[in-house]
Amino acid sequence: MPINYYIFLSLALFAIGIVGVLTRRNAIIIFMCIELMLNAVNLLLVAFSKMHHLQLSGSNAVAGSEGQLFVFFIMVVAAAEVSVGLAIIVMLYRNVHSVDVNFLNRLKH
Amino acid sequence: MNVLIISAVWGVLMMFSGVLLKGKAPIRILAIAGMLALVLVNVLEMQGIKIFHIQTEGLMKYDRPALLFIGIATVTTFLYLLLSARDMEKVGAYNSEYFALIFFIICGIDLTSSFQSLLILFLGIEIISIPLYILTGSDKRNLKSNEASLKYFLMGSFSTGLMLMGIALIYGARASFDLSAINTVVDGKTSVLLTAGMLLLMFSMAFKASVAPFHFWTPDVYDGAPTVFTSFMATVVKAAVFIAFIRLFSDAFGKFQPQWQMIAGILTVATLFIGNITAVFQQSVKRMLAYSSIAQAGFMMFAVYSMSAEGREGLILYVTAYSLATIGIFAVLIKMQDYTFDGFNGFAKRQPLLAATTTIFLLSLAGIPLTAGFIAKFYMLKAALAGGQHLWLVIFAVLMAAVSVYYYFRVIQAMYFRDSETDAHELPVSLSFKWTLVVLAGLVIVLGVFPDILLSWYYF
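Residue numbers (this note's numbering), protein chains in the order written: chain A, 1 to 109; chain X, 1 to 460.
The set of hints was computed from the structure by calculation and includes no laboratory data. Hints are supplied without guarantee of correctness; some may be wrong.
Claimed, not checked - Ranges of calculated distance between the beta carbons of each label pair, as one might list FRET restraints: (1) X:Leu-385 <-> A:Leu-11: 18 to 28 Å; (2) X:Val-280 <-> A:Ala-15: 16 to 26 Å; (3) X:Leu-385 <-> A:Lys-50: 14 to 24 Å; (4) X:Lys-255 <-> A:Gln-68: 20 to 30 Å.
Unchecked claim - Some chain A residues near chain X, calculated using beta-carbon distances under 7 Å: (5) Tyr-5; (6) Leu-44; (7) Val-46; (8) Ala-80; (9) Leu-86.
Note that the structure is predicted; figures quoted are calculated from it, not measured. Positions of the beta carbon are idealized from the N, C-alpha and C atoms, including for glycine.
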């Protein structure tokens with residue numbers, strides 16, 4: 001399959017994530033949209049990794065492996081972010097009993 | 001490399017210190033001693049003595065600018081801990097964890113100032129950001145702190161998403177994450193993938209560095225976070241992001257400068273304009289300092305814009321001057337009960353020494369001669385002028401610096417020329433706090449008169 005299909009698929013996923021972050025008001029859903037953005041990147045990295053491997057494996061047997069390595073780092077960092085992010089949302093919920101980001105306008109004055 | 005490993009180990013040590021040590025004082029002393037140790041091992045590394053010999057496979061390079069900036073970051077953090085460690089204990093009950101997170105942030109700063117691969121850049125930025133989300137929300141009962149941390153978290157991970165997309169696109173174009181492999185021009189043109197990736201990376205770095213028009217989270221987050229941690233975020237962390245910014249754009253995209261220079265120029269102008277003009281209308285000193293940090297980021301953007309040796313020297317000088325002055329002002333601000341401008345009325349009569357040092361810091365931020373801020377601004381504008389044909393940008397920057405004098409001098413005016421109607425009080429200040437402030441003010445003036453002291457480390 002041509003690489004363009006993968007690029008368009010992950011850009012579409014990424015755009016859905018961005019639109020979700022910008023329009024949704026529920027903190028958990030915004031959070032899920034950010035995860036969607038990260039996973040779109042993972043998909044793209046794996047696709048590019050395979051592409052580079054097919055192109056360059058003649059001269060370098062491990063060509064393209066860096067991309068897949070990067071995906072693991074993104075997954076680990078995303079997990080760390082999730083744990084901190086959910087803790088922050090729980091902390092907010094304890095104080096205002098809501099996860100609606102429209103509550104977050106007290107600082108603007 | 002010394003700082004990276006020792007700060008990671010010391011961070012873990014700090015976490016256990018909360019269980020093993022009784023009382024607050026031993027934990028605080030352990031943290032300050034650890035930061036002093038980081039300063040010393042970094043000086044050793046600059047002299048060529050490496051404690052750890054680790055093969056980095058080209059992922060990191062501890063060259064002169066990297067080591068110098070790590071030195072600056074550790075020294076300013078050390079001074080910050082000396083001034084504000086007691087105030088950190090008042091935020092919440094988890095003082096050993098706050099210190100541990102500061103050590104982990106230093107770890108990330110070590111990575112972002114020495115990276116040679118986009119992988120390390122990403123890891124460094126995240127290691128800086130995630131502890132900061134926690135520190136921003138550390139005042140758990142305070143709704144403003146909660147809000148600030150959620151906002152910072154959502155904005156921060158959004159910009160991380162943009163950065164990762166940029167990295168993935170660049171990987172598609174170049175088949176490598178290595179900065180030097182990216183910085184090659186094939187057949188005199190660049191692919192669409194590379195250009196798009198470069199723009200996404202520029203925008204996400206602008207997000208992290210709070211450069212307009214990606215600055216909108218900054219005032220709210222800096223205002224809502226506990227003041228001790230705002231001080232750290234606005235100085236050491238912001239400086240580290242700018243060092244990463246300039247390293248990325250010189251080592252990876254230096255050869256594509258004609259493509260991004262105009263955008264960097266627009267970002268510079270927007271940041272200077274929005275930061276300075278909005279700061280004029282603020283009523284709270286803390287919020288004014290948040291906007292002032294945006295305005296100062298505009299000046300730091302000149303280094304990215306001009307991308308010359310002079311600009312890099314100037315950036316080192318600028319981040320040092322800015323960090324020292326801002327840490328000092330925030331340390332005084334923490335002691336105030338009232339964060340409005342009126343809270344500073346009659347401050348010079350109540351605390352003459354604190355008022356005098358605060359004045360020096362404010363003069364440095366405004367860029368008055370004989371202070372480090374002046375010589376730093378001078379270097380920046382000189383670098384922009386040396387590039388030629390950008391005279392209007394320099395004129396605009398000087399005009400905006402003149403605007404900034406208004407809001408910095410408002411504080412000085414309140415301190416010296418107004419009397420307090422109410423009997424305002426500050427928290428008691430210790431003698432060591434005063435002496436550390438005097439040392440900070442002394443450093444600001446010495447750097448303003450002899451900037452070569454710092455810059456000579458850059459080359460030798």
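Structure-based check of each hint:
In this structure, Leu-385 of chain X and Leu-11 of chain A break the distance hint of 18 to 28 Å, their C-beta atoms being roughly 41 Å apart. Roughly 38 Å separates the CB atoms of Val-280 of chain X and Ala-15 of chain A, a value that falls outside the hinted 16 to 26 Å. Separation of Leu-385 of chain X from Lys-50 of chain A is about 49 Å and departs from the stated range, judged on CB atoms against 14 to 24 Å. In this structure the supplied range 20 to 30 Å holds for Lys-255 of chain X paired with Gln-68 of chain A, their Cβ-Cβ distance being about 28 Å.
A distance limit of 7 Å between C-beta atoms decides the matter here; for Tyr-5 of chain A the minimum to chain X is near 13 Å, and the interface restraint is violated. With a least beta-carbon distance of about 4 Å to chain X, the hint placing Leu-44 of chain A at the interface is held under the 7 Å criterion. Interface restraint check for Val-46 of chain A: the shortest CB-CB distance to chain X comes to about 10 Å, outside 7 Å, so the restraint is violated. At its closest, the beta carbon of Ala-80 of chain A sits 6 Å from a beta carbon of chain X; the interface hint therefore holds under the 7 Å criterion.
The criterion of a C-beta within 7 Å of any C-beta in chain X is not met by Leu-86 of chain A, whose closest approach is roughly 10 Å, and the hint is violated.
Hint check: violations occur at hints 1, 2, 3, 5, 7 and 9; the rest are consistent with the structure.
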